[in-house]
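J.: Chain by chain, the residues:
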Amino acid sequence: MAHDIRTGASLYSFQDDYFEGKRDLEGCIAAAAELGAEGIETLAEQMMPGFPDLSDEFYATFAGWMEKYGTVSVAHDMFLDTKKYKHRELTHDEMVASLHRDIDHAAKLPARNIRIIVNTPPSVVEAAAPYARDKGVKMGVEIHSPWSFDDDWIKRHLDVSERVGTDVVGCVPDLGIFVRKFPRVIIDRALRDGADPDVVARCVKNYDEQGDTQALFDEVEASGADPLTVNFARMTTHFIDSDPARLTDHVDQIIHIHAKFYEMLDSGEEYSIPYDEIIAALKKGGYRGYLNSEYEGNRHIQDIQAVDAYGQVGLHQQMMKRLIAADDQGE
Amino acid sequence: MTSVTDRLISPGDAVVAAADRTLVPVRVPWYRSLPLSCWESVAVTLDGQRFGVDQLELRLGDATIPCTELAAKHETFWFVQDTGWLVVPATLDATQVELRVEAEIRIPYILIGPDKALVRHVQDGGTLPVVRSGEQ
Chain H
1 MAHDIRTGAS LYSFQDDYFE GKRDLEGCIA AAAELGAEGI ETLAEQMMPG
51 FPDLSDEFYA TFAGWMEKYG TVSVAHDMFL DTKKYKHREL THDEMVASLH
101 RDIDHAAKLP ARNIRIIVNT PPSVVEAAAP YARDKGVKMG VEIHSPWSFD
151 DDWIKRHLDV SERVGTDVVG CVPDLGIFVR KFPRVIIDRA LRDGADPDVV
201 ARCVKNYDEQ GDTQALFDEV EASGADPLTV NFARMTTHFI DSDPARLTDH
251 VDQIIHIHAK FYEMLDSGEE YSIPYDEIIA ALKKGGYRGY LNSEYEGNRH
301 IQDIQAVDAY GQVGLHQQMM KRLIAADDQG E
Chain U
1 MTSVTDRLIS PGDAVVAAAD RTLVPVRVPW YRSLPLSCWE SVAVTLDGQR
51 FGVDQLELRL GDATIPCTEL AAKHETFWFV QDTGWLVVPA TLDATQVELR
101 VEAEIRIPYI LIGPDKALVR HVQDGGTLPV VRSGEQ
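In order, the protein sequences belong to chains H and U.
What the first sequence shows, in this note's numbering, is residues 1 to 331, in sequence order.
What the second sequence shows, in this note's numbering, is residues 1 to 136, in sequence order.
Worth flagging that the hints you see were computed from the coordinates, not collected in a lab.
These numbers come from a predicted model, not from an experiment.
Any given hint could be a false lead.
Covered by chain H, per the in silico footprint, the following chain U stretches (three or more residues, Cβ under 8 Å) [as the list claims (entries may be wrong)]: (1) 3-11; (2) 35-45; (3) 68-80.
Glycine included, every Cβ here is placed at the ideal spot set by N, Cα and C.
Just chain U, same shape as in the assembly:
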């Protein structure tokens, strides 16, 4: 089992395939909630096809935010127990997918130099089941 602080994907989670996009479940790889502004970058790879930060959106609760706008969300916390969904502009037909999620997370209270905070590079993935939903 990987440490919870290294885990972007919760055990047992599945990727959701919608008609025109794919939703990837993601959690905060840290032991406390962090402002969305601390997500410095994120990328998703589905069966070898990589999608960068400018192609992804984050669906968190009722909000859907382009990942390029996360840096400006200083007052919005992502709670540690909440699953967010990375919305990927791709469709999946298979029942499982080879998934890789990479993220750079700034830990805003751990300073490693003058005006410089620790940035953790976290990656997670594996073969995940794909479930279909017309509602997502």
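The shape of chain H in the complex, shown without the other chains:
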């Protein structure tokens, strides 16, 4: 089936540069464009001061940046602060109103897609679907580890997509659900912090061999191991290794993809995630949409080195473009 896979970048990748004042919002967009990203994904609560009360002037400026750098505003990542009140959750109506706020923002950027954060109830997405359709905005629940396509919560979201139509509701897989090898940057950080090397090695082997991470965590916790070691064992329960073929199965519901990565190697490969299999699965399904680089190795290396998001996103863009362009046997 003919595919049309494009690469973009989530500005989440450049958050360290932003926090440290090395790049402003325009600078992050410019960096993404220089590295080959056509699509731009933004987090209003991270890089748009004043959100949700942004001026028409801001939106005009943002649209001007898209034109200036030859990029397309692909997605707005929404948050649903269900516990902004300490003693109660937002009501259903409050959640729908909050989502309408995000739909309005996406329509003004304009961004075609909204990443729906996974704590959003399916009923809220369903209630907001007519409003989103009127505004020309698609919504997709983020499928983020430890959730997978096969969890009941995600299935309920995908059921909403079936009911209201894939033209307005779908999903945003985060490629962190395909972690084949436990990320080396996380292992190294745990060892630097002082976790027990023998237990860490055992947990990593168990993960990489698709062992029962919960059972090993329970054992490590019961053993009286130190908190750092217990925490590392717990972290292995938060990662999953789904079958990339699930992307082919659900390709019609995918509105865009968070192309999560932890560590690009100099060889041009990602250490943990089988991008070759993932992109082959998307091609097989005829995926038409964006893979947005989302660098998340930063938080694990900040203790020893400056974060090089620019270099990492550059290598990631090159890898994805190479794999998209490659001829796949049997395609």
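With chain H held as given, fit chain U onto it using these hints.
T.: This is chain U only, laid out in the frame that chain H set:
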């Protein structure tokens, strides 16, 4: 270098000593802006003297808010790049101070149980320079 999500104090910041109070620079220890209502508690220790939430005010932009009232500020966001100032009822004469800031921050979209959000306990500090200002 500490992760930005663990940092309450930005590198290079200084404590400001005014005539009748001290101002401590603080940032949001997270990767996105959060409503002020998510600050469940905050405390400052200056040279061993601890000041609790009921003794502190937060100066953010043009507003000065008693920290005991932060829980009611559901619609006011603290932007991640903005420095807020904790106003401490103490005076400093020295050129540097041993500072410790502790905070409990509710992450309002990360649920860890029925009607229960993740609360992060964050602390930061060290020896900071003290600068004097009659205007702060």
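J.: Each hint should be assessed against the structure and marked as holding or not.
T.: We went through each hint and held it up to the structure:
1. Check result for the region 3-11 of chain U against chain H: holds, 3 residues qualifying (beta carbon to beta carbon below 8 Å, three or more required).
2. Against chain H, the region 35-45 of chain U contributes 4 residues with a C-beta closer than 8 Å to a partner C-beta. That satisfies the three-residue criterion, and the hint holds.
3. A stretch counts as covered by a chain when three or more of its residues have a beta carbon under 8 Å from one of that chain; for the region 68-80 of chain U and chain H the count is 5, and the coverage holds.
Checked against the numbered hints given earlier, the structure satisfies every one of them.
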